[in-house]
Amino acid sequence: MATIQTETAKPARASLLYDPKIRGYAYQIGLLAVVGFLLYSAADNAITNLRAQKIASGFGFWDNAAGFDINQKLIPFSASGSTYGQAFLVGLLNTLLVASIGIVLSTFLGFFIGVSRLSSNWVLSKLAMIYVEVIRNLPLLLQLFFWYNAVLKPLPDARNSIALPGSIFLNNRGLIMPNPIFAPAFQYVVIAFFIAVVLAIGFYTWSKRQQERTGRQFPNGTITLALLIGLPLLAYFASGRPLTFDLPQQGRFNLTGGMQVYPEFVALLIGLTTYTAGFIAEVVRAGILAVSRGQTEAANALGLRAGPTLKLVVIPQAMRVIIPPLTSNYLNLTKNSSLAVAIGYPDLVQVFTGTVLNQTGQAVEVVAITMAVYLTISLVTSFFMNIYNKRMALVER
Amino acid sequence: MTDATTENAPYAFVRREALEQQPAPASVAGPWAWIRANLFSGPINTLMTLVCVYIVVTTVPELVRFYLLDAVWTGAGRDACLADKIGRPVGACWAYVLDRYQYFTYGSYPVSQRWRVNIVFAMFAIGIVWLLWERAPQKKIGAFFFFVLLPIAAYVLLLGGANAEAFLRTLIIITIVLMALFLVLSFAPGLAEFWIGPAFLAVERSLPPWKRFQGQKMLILLALVVFGVMAMLAQSAGLPRVDTGLWGGIMVTLLIAAVGIVFSLPLGVVLALGRRSRLPIIQLLSVIFIEFVRGVPLITVLFMANTMLPLFVPQEYSPDRLLRPLVGVALFAAAYMAEVIRGGLQAIPKGQYEGAMSLGLGYWQMMRLIILPQALRIVIPGIVNTFIGLFKDTTLVAIVGIFDFLRTIEATLVDPTWATPTTRATGYAFAAIFYFLCCWGMSRYSISVEQRLAAGQKR
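Protein sequences, first through last, are from chains E and X. Under my numbering, the first residue of the first sequence is numbered 1, with each subsequent residue one higher. Under my numbering, the first residue of the second sequence is numbered 1, with each subsequent residue one higher.
Isolated chain E (complex conformation) (with noise of 0.2 Å):
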């Protein structure tokens, strides 16, 4: 009796060479190599050179006296007691005031003339256009430029100061302004306005409930400025008006007293702002665009007004596709305003990357530090816009 052979060939085993997962392993283990050599030979020849240049390395400059002053500064600083380490702090923090700054301005600036680009007002949209096209087309550094060396610089001394209402000064030193000063007895107008927003919380959800179940709608708008400016108000008069005002004084050859703003900074923020808000604008107006027609049709059919129409359809739909554009936008804002170095506003890179640097040597450390902060800004931003766009967005099944 013949037996059948049921033996099933097995297949050839083919070469490691062509095994892909070897080839794989292949791969990785020589990128990795490679890479690992480059960064070896990157430090080797960095300490090599380091040493023959006699700079020493570490973070030892962290606290040495830093020996140079800063004109704008938000925590005290001064040329002979202070030290790198709180120059570093004070670039930081001059560099988070514009960004922060100029994130809000610029948000204001860009839906405006988003929304301006769709309006049906010819002009308005036409204006809106050429604005748009213009700034975006043209390097933010030669803005800065213009906005630095040809706008603020030219006017005039502080003898001459263009005196603007309300005790503002302009020179060519920047903004002089009536410094606030605070009495103690202020806090009881801080502690008014935090009850003011507990309060205006609560009324928002209250009356939210309550037109959800009747139908009956309040003036929510109205109820919540008259809470937050009423209170506030109340509680300074209450208090016997603890805020008075530094005002600047004329004299002879300068003015005396008040709050400078430094021009490098109004330029900066005036440059980044309208930057930014060139391209907000178009982000804006490619989310309104996103949202179909229908929608504000069958709005309208339903018999919403325009108004809200506007603020409860075509605007919450927008929002899912303008935002994370926009949380780049103020990313590249943020970013960009280390273009401070250019016209001089002691920003993070201004005063670290280039005072500290300079007087140091010790370029390794300097610059690691300065991306490291941009790095950890970029990656903040982006992790809470993350949240809220995860909470914008269209929950499907």
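By construction, these hints were calculated from the structure, which means they are not laboratory data. Check the hints yourself; a few may be wrong.
[To be verified] Quick list of in silico lysine to any residue cross-link-like pairs, SDA-like style, CA-CA up to 20 Å:
#1 X:392 / E:133
#2 E:21 / X:284
#3 E:21 / X:282
#4 E:21 / X:360
#5 E:21 / X:139
#6 E:126 / X:447
#7 E:54 / X:39
#8 E:21 / X:285
#9 E:126 / X:48
#10 X:217 / X:228
#11 E:126 / E:282
#12 E:311 / E:107
#13 E:126 / X:39
#14 E:153 / X:429
#15 E:153 / X:414
#16 E:208 / E:218
#17 E:126 / X:440
#18 X:392 / E:332
#19 X:140 / X:182
#20 E:54 / X:318
#21 E:126 / X:56
#22 E:126 / X:34
#23 E:126 / X:50
#24 E:208 / E:223
#25 X:139 / X:370
#26 X:211 / X:196
#27 E:126 / X:53
#28 E:153 / X:411
#29 E:54 / X:282
#30 X:140 / X:179
Given chain E's structure and the hints, the job is docking chain X onto it.
Just chain X now, kept in the frame of chain E:
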């Protein structure tokens, strides 16, 4: 009593012919109605219109007066542009721009050697037109010209010197050897068996000898012509070394932009492929590089290139001062390019990958022949947008001491020869016109490409 029918009732009136069409009332049609509907439809709209008109009326005539009517067009020094010297109000001092345009174009590049820059400019223009003009023939050769020959020619011609000439001689020898190799292969295609797939080889075999490997031979021939012309120029006129410290102006701006474009595109493709790779280490390294570079400002990258790059290489190989920001800009642009290209790769349907794999193509064949051509086509607008950003960002190299176009303008502003109250406004206007034309042109081009690509999807 008769019936009061229409026939016999004398007072009845029946219209027997159609009325002449009446024009629509003035309140719903015509220019006045349009103006009312679009400009003055409500109080807010009216206010907006008035504000806009006020802005236009106050700025536009002022700009025209300053930059055209009151402008000074000729003159040799600051006296030509001073109001009290020529006795009339003075606007923009265009005489200054006309006087200094050579400096704005070439920087301090020696006058006797500027023809070299002009040749590179001309080659750049040819390459741009070749690649961007939709109906230009032989796009592949054009790409080779722009991405390979132009950088080599720019290096040899702009820098010059003994090293560059030796480099050129080596290149000529290599191209001649390659030419000979392909001539041999044309007559004996069997020799190429170990390197070209059998299917491709069969195609080549079916052709007469002089038509085999035509693509490669054309590229080599073009390279040989370009190198030969350069060598002849070097022979006859000489190419003395011009130090990069003397370079400046539009030349440097275009150089940085071109280097950024030429290197960021392939690097971006590699990084994008790496980020989508299934090999974890390759993916991780790509993600780290991309996210790191995108998370920091360009200035810090430039500072890093400027101060740290010389530390990372042995002292004797310390990179040139112009080379450092070039490396920084190229790496920076590559990270942004990678994200754009990744978007294109993600937009390719999975079926394309599966189809390519089912045909038995390997990873690189699949990417090169199926995926990348489609993916890159989709993201052309994004790529051009990155180029626009890159072009604007080239101004930042001024901060690390390179004399780009903007910096040359700044430099002439402190020069007493042309120190007048209106020089600065003129210089900035000139820079603005230059940058605007370049960036706006690029964005127009990308829009036209977008429309052409969308033509197939239109219903």
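Are there hints from earlier that the structure breaks, and if so, what are their numbers? Violated hints: 5, 7 and 29; rest satisfied.
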